[in-house]
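Chains D and A supply the protein sequences, listed in that same order. Note that this note's numbering has the first sequence beginning at 1293, numbered continuously upward. Note that this note's numbering has the second sequence beginning at 44, numbered continuously upward.
These are computed hints drawn from the structure, not numbers from a lab. Hints should not be assumed to be uniformly reliable.
Once the Cα atoms are required to be at most 30 Å apart in a straight line, the calculated DSS-like pairs of lysine-lysine come out as [claimed, not checked]: (1) D:Lys1349 x A:Lys92; (2) A:Lys130 x A:Lys88; (3) A:Lys199 x D:Lys1345.
Just a sample of chain D residues kept apart from chain A, beta carbon distances all over 10 Å, derived [to be verified]: (4) Val1330; (5) Arg1331; (6) Val1332; (7) Met1333; (8) Cys1334; (9) Gly1336; (10) Lys1349.
Short derived list, chain D residues pointing at chain A, Cβ under 8 Å [stated by the list, open to error]: (11) Trp1307; (12) Ser1319; (13) Leu1327; (14) Ile1343.
Quick caveat: nothing in here was measured; it's all calculated off a predicted structure. Glycine residues also receive a C-beta, built at the ideal position from the N, C-alpha and C atoms.
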Amino acid sequence: MADFEPKIVAFLCNWCAYAGADLAGVSRLQYPSNLRTVRVMCSGRVDPDFIIKAFQKGCDGVLVAG
Amino acid sequence: MTQKLLEICGIGRQRLHLAWVSSAEAQRFVDITKKTVSEVKDHGKFDPKAFKLELEAALMTVNGEDVRWLVGKQISITTKGDVYGRKWDMEKYQEVLDTILEREYQKNLIYLAIQQGKSSVREVSKVTGLDLLNISYLLADLEKTNRVEFSGMTDKIPSFAAL
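So that you can see chain D by itself, here it is in the shape it has in the complex (with noise of 0.2 Å):
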C-alpha cells in the first residue's frame, strides 16, 4: 500500500478555495497531485447527492472547500 495514491475528487469554490488553489499555483507552493478539481460557484452548490455519486464512480475521498 505503501505506493497508493487516492483519487479526491475536491470540489472548490470559485471565490474561495479554488482562488486559493490557484494563489498556490502561483505562488509556486507544492501540493499533491491527487485532487480531481471541480469547481463550482459557491461551496453551497455541493449537494450530499454529487458526494454520493463522487464515491459510487470510486474516488477514494471528497473534499469540499469553500
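Since chain D is already given, all that's left is putting chain A on it; use the hints.
Just chain A, lined up with the frame of chain D:
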C-alpha cells in the same frame, strides 16, 4: 450530515473533508490538501463495488423527501419555532435529524434488498446486516407508505415484494 451518513454506511467519515479557505490563504490550502490526502491514504483504496447497495441506499436517502425537508427547515425551526410555536434547540433537532437519517437509510437498504429479490426477512437481514426485529418494524413502515407489499407465504415464511 453526509459525513454521518457515510459513517452509517460503513464507508467512514474520514473520506469526506470540509474546509474553509479564503482566496488569500494559499498556504492554508496546501496544508489542507496535504492533510486530506494523507488521511484518505490511511484509509486505503475505496472499492465502490463492495458498497454498491449501501451507496445506492445513501443516494436515495439524501434525495428523499423526509431528509430534504428536515435539513431545509432546520434554521427556521430552531430559530423561529415550528408551526405550533414550539422552539427547538439545535441539539435536539440534530438528534431528530440523525435518527431519521439512519432510519431512512435502513429503510432504503431494505427496499433495495427486496427489489433485488430477497423476499424474506431473513434474506434481507443477510444482505443488509440489520437485525430481524428492526427489519420487521421498518417493513411495516415501508408497507404503510406503499413501497413494499406482503406477497404471500412461501413455505410458512412471509415474503415481500417491492412496488
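Hint check:
1. At most 30 Å may separate the alpha-carbon atoms for a hinted pair to count; lysine 1349 of chain D and lysine 92 of chain A meet this at roughly 10 Å.
2. Restraint check: the Cα-Cα separation between lysine 130 of chain A and lysine 88 of chain A comes to about 44 Å, which exceeds 30 Å; the hinted pair is violated.
3. A hinted pair counts as satisfied when its Cα atoms are at most 30 Å apart, and lysine 199 of chain A with lysine 1345 of chain D does not qualify at roughly 40 Å.
4. Even its closest Cβ contact with chain A, about 14 Å, leaves valine 1330 of chain D beyond 10 Å, as expected for a residue assigned away from the interface.
5. Listed as a non-interface residue, arginine 1331 of chain D keeps its Cβ farther than 10 Å from every Cβ of chain A; the least gap is roughly 13 Å.
6. The non-interface label for valine 1332 of chain D is consistent with chain A: the shortest C-beta to C-beta separation is roughly 13 Å, beyond 10 Å.
7. Consistency note on methionine 1333 of chain D: stated as away from chain A, and its beta-carbon is indeed over 10 Å from all of that chain's, at 14 Å minimum.
8. Every beta carbon of chain A lies more than 10 Å from that of cysteine 1334 of chain D, the smallest distance being close to 12 Å; the non-interface claim holds.
9. The Cβ of glycine 1336 of chain D lies farther than 10 Å from every Cβ of chain A, with a closest approach of about 12 Å, so its non-interface assignment holds.
10. With a least CB separation of 7 Å from chain A, lysine 1349 of chain D falls inside the 10 Å interface cut-off, contrary to its annotation.
11. The closest approach between the C-beta of tryptophan 1307 of chain D and any C-beta of chain A is roughly 7 Å, which is under the 8 Å cut-off, so the hint is satisfied.
12. Interface restraint check for serine 1319 of chain D: the shortest CB-CB distance to chain A comes to about 5 Å, inside 8 Å, so the restraint holds.
13. Checking leucine 1327 of chain D against chain A: minimum C-beta separation of about 6 Å stays under 8 Å; hint holds.
14. Hint status for isoleucine 1343 of chain D relative to chain A: holds, with the closest Cβ pair at about 5 Å, below 8 Å.
Of the hints listed earlier, those the structure fails to meet are numbers 2, 3 and 10, in rising order.
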